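S.K.: Go by the hints and put chains B and C onto chain A.
Chains A, B and C, in that order, are what the protein sequence lines are.
Here my numbering is used: the first residue of the first sequence is 1, the next is one more, and so on.
Here my numbering is used: the first residue of the second sequence is 280, the next is one more, and so on.
Here my numbering is used: the first residue of the third sequence is 607, the next is one more, and so on.
FYI, nobody ran anything at the bench for these hints, they're computed from the structure.
Some clues are possibly wrong.
Claimed, not checked - What the simulated footprint calls covered on chain B by chain A, stretch by stretch (three residues with Cβ under 8 angstroms from a Cβ of chain A suffice, anywhere in the stretch; the number is not a length):
id: 1; segment: 294-304
id: 2; segment: 320-326
id: 3; segment: 383-393
id: 4; segment: 437-445
id: 5; segment: 461-469
id: 6; segment: 573-582
On a predicted model such as this, the values are computed, not experimentally measured, just so you know.
We put the beta carbon where it would ideally sit given N, CA and C, even for glycine.
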Amino acid sequence: MRGCVRPSRLIALGLAFALAGATARADTAPARVVSINLCTDQLAMMLAAPEQLVSISDLAADPHSSAMAQEARGYRINHGGAEEVYLLDPDLVLAGAYSDPATVAMLRRVGLRVVQFDTARSLADTRDHIARMAEVLDREEAGAALISRFDARLDALRSADTRHSAALYHPNGYSLGAGTLSDGILRAAGLMNVARSLGLRGGGTVALERLVMAAPDLLIRAAPLPGASRSEAVMSHPALTALITETANMRITSPDWICGTPHVLDAVETLVTAREGLE
Amino acid sequence: MRPLALTLSALVAVLFVVSLTVGPAGIGARDGLAALILGGDGPEPLVMREIRLPRALLGVMIGASLGLSGAALQGYLRNPLAEPGLIGVSGSAALGAVLAIHTGLAAATTLALPMAALAGAGTGVLLILMLAGPRGGSITLILAGIAISALAASLTSLVLNLSPNPYAASEIVFWMMGSLADRSMTHVWLALPLMLAGGAALLTLGRGLDALTLGEDAAEAMGLRLARVRLTLVLGTAAMVGAAVAVAGAIGFVGLVVPHLLRPLVGARPSRILWASVLGGAAMVLAADIAVRLVLPERDLKLGVLTAIVGAPLFLHLIYKTRGAQA
Amino acid sequence: MTLLSLNDLSVRLRGRAILTGVTLDVTEGEFIGLIGPNGAGKTTLMRAALGLLPHEGTSSLAALPPAARGRAAAWMPQARDIAWPVTVETLVALGRTPHLGGWQGIGAADRTHVDAALDTMGIEGLRHRTATRLSGGEQAMALIARALAQETPLLMADEPIAGLDPANQIATMQVFARLAAEGRAVIASLHDLGLAARHCTRLILLGDGSVAADGPPADVLTPENLARNFHVSAHYATTPHGPVFQPLEVIR
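Chain A on its own, in the form it takes in the complex:
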């Protein structure tokens, strides 16, 4: 009939729109996610739906770097190469801000959606990354739950006590100052970061002399790596050894400190225990 739209047509149109809307929402949840960065690997492992995360990077399975090396065994490993990733047929690639730019550009060029996560520089960043990961994976409820557990645990651990100082000292005298995740961990545990008080921003070297003069209460160092190196030789310097007999020393489980994931709270908890042991 002319001059009026048939109701059946309207209904059909309405249904079509509704269906389109529903499918569109279903399209935003990526079905095949590949992660090529250690930190996005771990966050994705925590938040992804079953079968959603297809592959993670080889670093995630390395116990020296990853806090989730055990869980990583259940996933397919990639080595971050563009060709390898492409052949996995993902609809979302998770990368770090400093992942190889050539690889990332190549992946985008062949039409893949690549979401990059910056390095976490504080505990607040960690929360933001959890939230963003949840959004990107369309797993908002899981994300919210993780964040609230994170907040609760952090509140329980956080302390205003800043009587004690701690120094991070890695091979080559490398330490982490203000504006780094490690610094955030120290402060959450109620410890004053010696590198920060010496004026260091970001990562950099602290002269052994200045470390000794600062006389930290806690000396935190990385676990020794296989093989020998001159860089690690400073860790057995007599001045450092003498410092250790006067202060408590502790090895860090490096993987917890590296990425902005809820595992940082494990690090905070270990530090809190150590601090409480310091009279």
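M.R.: For chains B and C alone, coordinates are given in the frame of chain A:
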């Protein structure tokens, strides 16, 4: 000669004291020296005795070793361009040291490190003598040095890259350019015996090197045992350079600059240059180490950078001067 | 007294026989001119006699331990190496090396010998000059002075007067002759047969690696020897001014 000896000794003493008082810890000179000598509580004595003292001592020891071995090599080869760094002896020593560290030998036996560096340095000297012995001219000497240095450097890089330790690969800079940062008294005791033995050996060469001014034939006819001189030179240089490189990496140009500067002051006599280079070398390395800490205190600027800035132009100048004279 | 005794000395180099069966004695008072064409083996003979070359047969000098040998004979090689810019005084003083014991340096006695050597060669005025900056002839004079300062019974020199001007050539030959007359011995290889004839007490002619003639100049510089070994003819005359010798023509 006496005034020179006194002046150089005084210079070394002054630089030694200055070296003890320079550092990022912000300790005043008087407080620092008091803490060093008297000890006491607090972190100052620890810094002074365990960090600054070994650094200053090593500056003297390494400078003396490099200066003396440079002077001895030049005297024997009768060529002012001979120098442990330039002719590949330091590079070979570094290779020996790196092999000892990354095969785990150095961890097993303490002496393995300096002995391996000695073996490396000795091989380097033998190769140089074989390739460009006293009858070889400057060009042959430098070419041989380039070849040996290149070979040693590439093998060192290979060993470092094969190490399971992720830091190792970037340590080539330390081995090729040298640094006294974060050295301890352990390193002093490690290097001292070999340096003393090597130094004593090289200092006996004075008369022989003087006689060699007239050429091998005339010197031998005057009673010089050339084979013994050669052996003493190889072992003495290997010991001193090996020990120095084992603890501080390859620092170049000291053995070139110091004998060259002191030659006019001692009437060009090789025996006098030997003694003078011990003191001159110590002064030069101490000065460079002080400068390194004043110029870029927050970074570990490698000693070899400063010695090269001074030494390389001099090297070029020497090449320019000899290019007409010898083939 | 025999200062050098060679017995059946032979040297082979790279399979070739350079010297064959050289036997001779040198006693004090002799000024020996070692002559021969290029490649005859003059340098090889002297170096082998000193023990600087591997050889068969015996040399009394080579049999001595190095230190004693240094005090028995002074050697001035053909290559006039002066490696470092030392003063002439220092250079000449190097001749005292075999006499220095242990760690001692130059003593007063040594200085006397150095002064005497400089004076004998007439280069006292060059004492404080840098040796490497002298002319070739002056360097040669300084190196001869070094050999003199060594104060040894025997002095061996390889072409010591090559490149010197006539005055210095004659003066040096006279110095050597005087040394011989004082009871020492000098062996010098020479190309200037005229000077050899005038100043040497004895000539040893080397030809093809063996001694072709040995005796006073007049007996050695015969036309036959000259023709066979040097391929030259010469004029030899004894004049009131002493022997005069002048090579004339090349003989094929």
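S.K.: The structure should be examined with respect to each hint, and the outcome stated for every one.
M.R.: Consistency of the hints with the structure:
no. : hint    : verdict
1   : 294-304 : holds (count 3)
2   : 320-326 : holds (count 4)
3   : 383-393 : holds (count 3)
4   : 437-445 : holds (count 4)
5   : 461-469 : holds (count 4)
6   : 573-582 : holds (count 4)
Checked against the numbered hints above, the structure breaks none of them.
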